[in-house]
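Student: Given the sequences, and given the hints that come with them, work out the whole structure.
Heads up, the sequence shown is in my numbering, so the first residue is 238 and it goes up one at a time.
Think of the hints as simulated: they come from the structure by calculation, not from any bench. Where a beta carbon is used, it is the ideal one built from N, C-alpha and C, also for glycine. Wrong hints could be hidden among the right ones.
Claimed, not checked - Pairwise CB distance ranges, derived in the manner of DEER restraints:
1) ARG408 x PRO312: 44 to 50 Å
2) PRO402 x PRO312: 38 to 44 Å
3) ASP362 x ARG393: 31 to 37 Å
4) GLU311 x GLY410: 25 to 31 Å
5) ILE371 x SER427: 36 to 42 Å
6) SER245 x ILE435: 34 to 40 Å
7) ASP280 x LEU434: 32 to 38 Å
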Amino acid sequence: MESPVDVSIRDGIAVVTLNEPKVNAQTLELMESLTAIFDQFNDNRDVRVVVLTGAGKVFSAGADLKNRIKTGAEPGRRWAHLRRTRETFYAVMECEKPVIAAVNGPALGAGMVLASSCDIMIASDNANFGLPEIDVGLMGGARHAMEIFSRSLTRRMVFTGYRVPASELYRLGIIEACTTPEELMPTALSMAAMAFLITIVLGYPYLSYLRRLGLGNERRWGGWKACAGSATPKGVNSSLPTVTGCAPPTDGLTSWFAGVHSRKNRNWPRQRAR
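Tutor: Here is the structure:
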């Protein structure tokens, strides 16, 4: 049996391809494979950046409706399925390596949630994002959609099943690029290569620390709950500046970089890629 997820690693960039015929529906096997793969990336120093895309003409059509858990199933089974689904998204959100979604076609329902769980989203001009649950009797992506879409657009998607074209998402600033299908992967790999260079300059532990400074997962952990006084990432000097507030200033990242290279901190050991 073929794996529902393909992985290739080259020059520090891992390309993860959803490969569940015919529309990359999120089956039990796909979710478990995806979770395990992203968990492994956290400890794999050969992987510095991840690109997530789909095989064929669809990124992911969402939940596996053919094998959905029906009302009256074995007690606890539905809750276990919902938890497993959430953990799949969390595995992507919490990945220690930057994750770029290269959306090659429709990203619907859970497929849209998966794409928006990545750090950066780009899409081809034949892609669209939608919440078709109103047509299939399910509902689960609306709350997540409110994190990235406006109040009005989210309700339009929920109430009418409207699918937002990638070109419109680019105009709204929700995705970083809208390309032709042929240019999608080259664009994603180009972005990944730039992120890879940052890991070489700063070293992997610094990227982990940057996430703690405000690029982390607010949806799961409720914001900056653990930012102040949190444990210093392994491999990072304990003299790193601490964050005393729960919301960094607009130029916080710039200030942090300036602090790293200031005379006061000139004795910091630089973390180099191994």
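Student: Any hints this thing doesn't respect? Which numbers, in order?
Tutor: 3, 4, 6, 7
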